[in-house]
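Protein chains: 2
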Amino acid sequence: MSGGLLNSSRKISALLLDITGVLYNSGEGGGHVIPGSPQAVARLKEAGYKLKFCTNETQITRRALVEKLTRHGFTLTEEEVYSPAPACVQYLLENNLRPFLLIHPDARQDYVTVDTTNPNAVVLGDAAHEFTYDNMNIAFKILISQGSPGHLISLGRGRYYREGSELTLDVGPFTKALEFASGTEATVIGKPAPSFFKSALSDLRVPPEEAVMIGDDVLNDVGGAQGCGMAGVLVKTGKYRPEDERHPTVKPDRVVDNLAHAVDLLLNVS
Amino acid sequence: MSGGLLNSSRKISALLLDITGVLYNSGEGGGHVIPGSPQAVARLKEAGYKLKFCTNETQITRRALVEKLTRHGFTLTEEEVYSPAPACVQYLLENNLRPFLLIHPDARQDYVTVDTTNPNAVVLGDAAHEFTYDNMNIAFKILISQGSPGHLISLGRGRYYREGSELTLDVGPFTKALEFASGTEATVIGKPAPSFFKSALSDLRVPPEEAVMIGDDVLNDVGGAQGCGMAGVLVKTGKYRPEDERHPTVKPDRVVDNLAHAVDLLLNVS
Chain D
1 MSGGLLNSSR
11 KISALLLDIT
21 GVLYNSGEGG
31 GHVIPGSPQA
41 VARLKEAGYK
51 LKFCTNETQI
61 TRRALVEKLT
71 RHGFTLTEEE
81 VYSPAPACVQ
91 YLLENNLRPF
101 LLIHPDARQD
111 YVTVDTTNPN
121 AVVLGDAAHE
131 FTYDNMNIAF
141 KILISQGSPG
151 HLISLGRGRY
161 YREGSELTLD
171 VGPFTKALEF
181 ASGTEATVIG
191 KPAPSFFKSA
201 LSDLRVPPEE
211 AVMIGDDVLN
221 DVGGAQGCGM
231 AGVLVKTGKY
241 RPEDERHPTV
251 KPDRVVDNLA
261 HAVDLLLNVS
Chain H
1 MSGGLLNSSR
11 KISALLLDIT
21 GVLYNSGEGG
31 GHVIPGSPQA
41 VARLKEAGYK
51 LKFCTNETQI
61 TRRALVEKLT
71 RHGFTLTEEE
81 VYSPAPACVQ
91 YLLENNLRPF
101 LLIHPDARQD
111 YVTVDTTNPN
121 AVVLGDAAHE
131 FTYDNMNIAF
141 KILISQGSPG
151 HLISLGRGRY
161 YREGSELTLD
171 VGPFTKALEF
181 ASGTEATVIG
191 KPAPSFFKSA
201 LSDLRVPPEE
211 AVMIGDDVLN
221 DVGGAQGCGM
231 AGVLVKTGKY
241 RPEDERHPTV
251 KPDRVVDNLA
261 HAVDLLLNVS
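Those sequence lines, one after another, are chains D and H. Under our numbering, residue 270 is the last one in the first sequence; the count climbs by one each step, no gaps. Under our numbering, residue 270 is the last one in the second sequence; the count climbs by one each step, no gaps.
In case anyone wonders, no lab produced these hints; they're calculated from the structure. Here a beta-carbon is modelled for each residue, glycine too, at the ideal position from N, C-alpha and C. Errors might be hidden in some of the hints.
For the chain H half of the interface with chain D, some residues (derived, Cβ under 8 Å), not all of them [to be verified]: (1) V66; (2) F174; (3) K176; (4) L178; (5) P194; (6) K198.
Heads up, simulated DSS-like pairs for lysine-lysine below, C-alpha to C-alpha not over 27 Å straight-line [claimed, not checked]: (7) H:K45 - H:K236; (8) D:K141 - H:K236; (9) H:K236 - H:K11; (10) D:K11 - D:K251; (11) H:K251 - D:K141.
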């Protein structure tokens, strides 16, 4: 990657792009595209870069997400989207787990192959208004009835994201709540779990040193990618806040205004 | 305290008694008295022990709690009940804090002297069904809008308690959720905060080495009291579970069947 974005001696062949906060901001009526991002994605494809859209989005199915992004002017396929749901379904089946799905109603379709009777595990996604006291208690009782440790699976560990003009709570805080209540440590499927990034790179057949992750979450996107040997670039869109640049443990390889800016630097046109 | 309950060379002059899980179990219709507990309290009073009922109960006002316990056959006054609400009100007034009160509706009366307009702080109590996604988001936004650190006050830090035949989530998990989301550490008012136990003892004018705490929460009752130099006795009623006796950091000075058993041992009649 040249243009000063990263060490110019580094050959970059693939980009992992976060979706929410990088391509578009979620909100009423499907959200709002981030200016320049559809064109930036198209330019990357034209230039021959391999792409994976790595998201912790768990409020809708992968298919519905691709349809929404297509309406926003992006060109992408379901296969290019890497999200926690398929990995979670595989994990549940392999471990004979019957989950209580505390997830968004619009995401349930991704789990139709999973037995949810007589639950012996809990899956937490970005359930939003499904995070009621009653649902949290159901999850808690399953976890403490399974002995120690109960089986808690969290689709990501994000603290919050931007919804319209406001920050809103993500799945992470509710995972913390259930971990504390039940004395269980969650298995994270999604960013920042190293296995999530590594699987995405494996699909692309690209080693981490040839890949860059671009995201708006300093800890889960940038820190997670760096922990796997990738470069991590922070955009100033989405949930970005200036204090993210003074994060106590994560230092982005580069901070850019937005995805278009990152692509300008990468293609050396700025 | 003789009778083998504790080291017999120790002079005991005061008892701090937890309420929920020791005197009665909460549940539908005011809950159920724990057999023998009203008589046990009466015997302690007859024997001249100083008593304080130390509770993290924040679902009702102190007055309503005393009325409920009186209906259950206990003899006690409001002054004998030590609960977080009065200490919290004092803390809010001293620090010029205008809280968003995420507390149980039945406890609001305790906070009528507090200004809640344009909130610059969050108070979390055992809000139960008030722990909605929307209310958690309101609290979160106040905490992150106040700079770092935001002002989060938690009335206790309990993980769960017994409600009828079921365990149900207490305030602690929701405090953890907001701490994680906002990067704020909560100020705890109530057990297991040392200041809470010390204030109760100060009211009684009894040094910690002459006092015993009796509760059903191994961490918040027993551990908290021991941390202040008191003895801590665990009852096998309320939320007690056998694994509490193998707690990694807290070893009760004694485990008893119930409050009546503790009083038998104390009065040396067993």
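Need the status of pair K45 (chain H), K236 (chain H): alpha-carbon distance at most 27 Å? 22 Å, holds
Regarding the pair K236 (chain H) and K11 (chain H), is the alpha-carbon distance no greater than 27 Å? Within the cut-off at roughly 24 Å; holds.
Please work out if K141 (chain D) and K236 (chain H) have their alpha carbons no farther apart than 27 Å. 20 Å, holds
Is the hint on F174 (chain H) kept, meaning its closest Cβ partner in chain D is under 8 Å away? 6 Å, holds
When the least beta-carbon distance from V66 (chain H) to chain D is tested against 8 Å, hint result: Because about 27 Å separates V66 (chain H) from the closest Cβ in chain D, which is outside the 8 Å limit, the hint is violated.
Is the Cα-Cα distance between K11 (chain D) and K251 (chain D) 27 Å or less? Distance of about 21 Å is within 27 Å: holds.
Holds or violated: is the Cβ of L178 (chain H) closer than 8 Å to a Cβ in chain D? 7 Å, holds
Using the nearest Cβ pair, does K176 (chain H) come within less than 8 Å of chain D? 4 Å, holds
Would you check whether K198 (chain H) satisfies its interface hint, that is, whether its CB is within less than 8 Å of any CB in chain D? Not OK, violated: K198 (chain H) not within 8 Å of chain D, min 25 Å.
Holds or violated: P194 (chain H) as interface residue toward chain D, Cβ cutoff 8 Å? Hint violated; P194 (chain H) Cβ to chain D Cβ min 20 Å, cut 8 Å.
Is it true that the CA of K251 (chain H) sits at most 27 Å from the CA of K141 (chain D)? 25 Å, holds
Of the numbered hints given earlier, the model fails hints 1, 5, 6; all others are met.
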